[in-house]
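Engineer: Residue numbers (the UniProt record's numbering), protein chains in the order written: chain A, 1 to 461; chain B, 1 to 217.
None of these hints come from the bench; they were simulated from the model.
With a straight-line cut-off of 20 Å between C-alpha atoms, the simulated EDC-like cross-links for lysine to aspartate or glutamate are: (1) B:K132 x A:D80; (2) A:K424 x A:D355; (3) A:K56 x B:E176; (4) A:K236 x A:E441; (5) B:K136 x A:D329; (6) B:K132 x A:D329; (7) B:K136 x A:E254; (8) A:K56 x B:D183; (9) A:K56 x B:D169.
Computed from a prediction, not measured in an experiment: that's the story for all the values here.
Residue strings, one per chain:
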Amino acid sequence: MNHLAIDNLTFAYTPKHPTLKDVALKIPVDSWTLFYGASGSGKSTLMRLLAGLLPKYGGRILQGNIELPNGLTVAMMFQDPGMQFALDTPQHELEFALENLQLPANKMPARIEHALKFCGIEHLRDRQLATMSGGEQQRAALAVLVAMDTDILLLDEPFASIDNHNRTLLIQQLTLLQQKYHKTIIVADHDLHGYRGLAKQIIHFENQRAQLLDAAASDALLQSADQLAATVHHVKLPTASDQPILTLKKVVIEHGDQKLIMANDFSFFKNQTTLLTGATGTGKSSLFKAITHLAAYQGTIVYNDQDSQKIKPRRYAQQVGYVFQHAVDQFLSVTVKEELALSLKKGRNPYFDEDHLAAALKLLDLNKLQDRVVYSLSGGQQKKLQLLLMLMMGQPVLLLDEPFSGLDLHSLHNVVDLIKASQKVYPQTMIIISHQLEGLEKLIDRHVKLADCQLSYREEF
Amino acid sequence: MNPSFKLLLVLIIALEVSFTRHLTINLVLVAVAIIYLLTKRIRPRLFGWLFLMPLFPAIAVFITIAWFSPGHDYFYAWVLFSRIYVYVFTGAAITQTTSPLELTRSLEQNLHLPSKFAYGTLAAVNLIPRIKMAVKTIRAAGQMRGINLSWWSPMLYFKAILHAITWSDQLAQAMESHGYVEDRARTSVHQIALTARDWSILIISIILIQIITFALP
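Construct all of the structure, not just a fragment, from the sequences and the given hints.
Structural biologist: What follows is the structure, given as C-alpha cells:
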C-alpha cells in the first residue's frame with residue numbers, strides 16, 4: 001500500500017455536529033500534499049486523526065476509518081509553536097524524542113547534530129525554548145521531526161506566526177526532506193504562496209467535506225496565491241501634521257541578554273493604522289508587551305504627552321488595548337454570548353449598537369455560535385471573536401498582534417471591512433503586527449519596519 | 001552524589017528530624033549542608049537568602065514555644081528553630097546542585113519511577129515561567145475589558161485552571177507526537193551512574209545520623 005487511505009470518514013467532537021463528513025481520500029506517500037480551506041473547516045482535525053491523537057484526545061469517529069501504510073511512522077508539528085515541547089531546551093527535547101524511539105545512546109549525538117544543522121539552529125541548542133520567538137520554536141520543532149526521522153510529517157499551520165523569510169527557509173528544508181529523503185509531507189495552510197512546483201496535490205476542505213483538487217485547479221490556486229504575495233503596496237510616510245500618540249524615548253527592550261529594540265525618539269501617530277513588520281524574533285511582540293507594561297523596558301514610553309508609567313494601570317488599560325497573539329488569552333467568560341455581553345456592558349466604542357453588533361456577528365459568521373463555549377470554537381472563529389470583543393471596548397489605541405493568523409482570505413476581508421466601518425464612526429489608533437499582508441492594503445496608513453534593533457517608517461510593504 | 005540518592009537521604013533526614021527532639025543532630029546537619037553547599041560554590045547572595053527567608057517563621061515558632069507554651073521550653077524552641085533550617089539547607093543542597101532534568105533522569109533510571117510520572121512532572125516544572133506570564137496576561141486581559149481581577153477573584157482561577165487543563169492535554173499530545181509511548185522502554189543518552197560510593201555515602205550517613213541522635217545527649 002503506498003497511500004494513506006481515508007475511507008468514508010465521519011468524525012465529530014459533539015455528536016450532532018460532525019466536523020468531517022463522508023471524507024474519502026487517498027493521500028500518496030513520498031509526496032507533498034496541502035490541506036487547504038477556511039479556518040474551522042476541519043484541516044487540523046483530519047491531521048490529528050492521521051497522527052493518532054484523535055479520537056484519543058477527544059471526539060468520536062462515527063463512521064469509516066483511516067489506514068496508514070504498514071510500518072510507517074507519523075509525527076506532527078503543531079500550530080502553537082510554544083506548546084509542543086516537554087523539556088526546556090532544543091538539545092534536551094531532541095534527546096527526549098530519540099530516547100522515546102529507543103535509539104542507542106551512541107547514535108544520538110550525530111542525529112542531533114544533523115537535525116540542528118539541517119534547521120539552522122545549532123546556535124540555539126542550549127537556549128531556553130520558552131524565551132525563543134515563534135519562528136525559532138517552529139524551527140526547533142522541525143528539528144525534532146528531522147531527528148526522529150519519521151516517514152510522515154504532518155504540519156498544522158506551521159507558518160502561522162512566522163515571517164516570510166523563515167517561511168521560505170522552512171519550505172526549502174521541507175522540500176529537501178521530501179525530495180532527498182522521500183518523506184511524506186502534509187501541510188495545512190490557509191496561505192498557498194510559495195508552494196508552486198512543490199505540492200503535488202491540494203485537498204480542499206469545505207462544508208465538512210474534503211476533496212482532492214485536479215491539477216488545473218490546484219495550479220490556478222497556487223498561481224494566484226503567488227501573485228498576491230508578490231504584490232507591493234505603497235503607503236505614505238508620516239507628515240508634519242501627524243500627531244504623536246505613543247512615543248518611545250530612549251527606550252531599550254531586551255530579551256535575556258540580547259538587545260531587541262533601541263529607540264531614541266520614535267512616535268506612532270494618532271488615528272492611523274500602522275503596520276509593524278520585521279523578521280521573526282526581532283521583538284515586535286516584545287514592543288507591544290513593553291507598551292502595555294507586560295514586560296520590562298528601559299527608558300520612557302510616552303502616551304499623550306504623559307509618561308505611561310505614571311498613569312494608573314487601571315486607567316492605562318482603558319487607553320491602550322492589546323489584542324493578544326493567542327485568542328484564548330483574551331477570553332474571560334465561558335460562552336460567546338457572555339463574552340459579548342461583557343464587552344457590550346464595559347465597551348465604549350459607539351459604533352457597536354445593537355444593529356451594528358448583530359450585523360458584525362453575521363459578517364464574521366459568529367451569529368449562530370452564541371451558545372458555544374469560546375474554547376470549543378475553531379482557531380479562526382476565536383480570532384474573529386477576540387477582535388470583535390476588543391473593537392467593542394474602544395480603547396483610543398489598539399495594539400493587534402497577528403490578528404489575522406489562521407483566517408482565510410474571505411474571513412480576512414470581512415474582518416478588514418468591519419474595522420474600517422468601526423473606524424469611520426469611531427477613529428482609533430491601531431498598530432498591527434501581521435505576517436499576512438494580502439488583503440490589508442485598504443486598512444494600512446503607515447508602515448513601520450523593525451530591523452537591526454531600529455524602528456523606521458517605510459513607503460511600501 | 002547520585003541525584004535520587006541525594007533526594008532519598010534528604011527525605012530520610014527530614015522524616016527523622018521531624019520525629020526527634022535533638023538539638024545536636026539539627027546543628028550538625030545544618031553545618032554539613034552548609035559545608036556541602038560551600039564546596040559546590042553557591043552564590044553568596046543565595047546564602048543570604050537561605051538564612052533570611054526562614055528567619056521570620058523560625059523566630060515565630062521560637063517565640064510561640066519559648067514564651068507562650070505552658071512549659072516555656074527553651075530547649076524545644078531551639079530544636080524547632082533549627083529544624084526549619086535543617087529543612088531549608090538540606091533542601092537547598094538538592095535544588096542548588098541538581099537540575100530538575102538530572103533528577104528526573106535519575107529517578108527514571110536508578111529508582112525505576114514510571115517515565116510518565118517523571119517526565120510529566122518535569123514538563124510541569126518547565127511550564128512555571130509560562131504560568132507566571134499567563135497570570136499576568138489574564139489580569140491585563142481583565143483590565144482591558146474593564147474588570148479588575150484581584151488575587152482572590154474566581155475568574156482569575158477559572159482562567160488559570162483552564163490554562164492548566166488545556167496545557168496538560170496539549171503537553172500529552174506533544175509528548176506523544178515526539179514518540180513518547182506510555183510504559184514503553186526508552187533508551188537514555190546520559191547514563192546517571194549509581195556507584196558503590198553512592199551506596200556507601202547513603203548508608204554511612206544514615207548510620208552516623210542514628211549514632212548522633214541516639215548515642216549523644
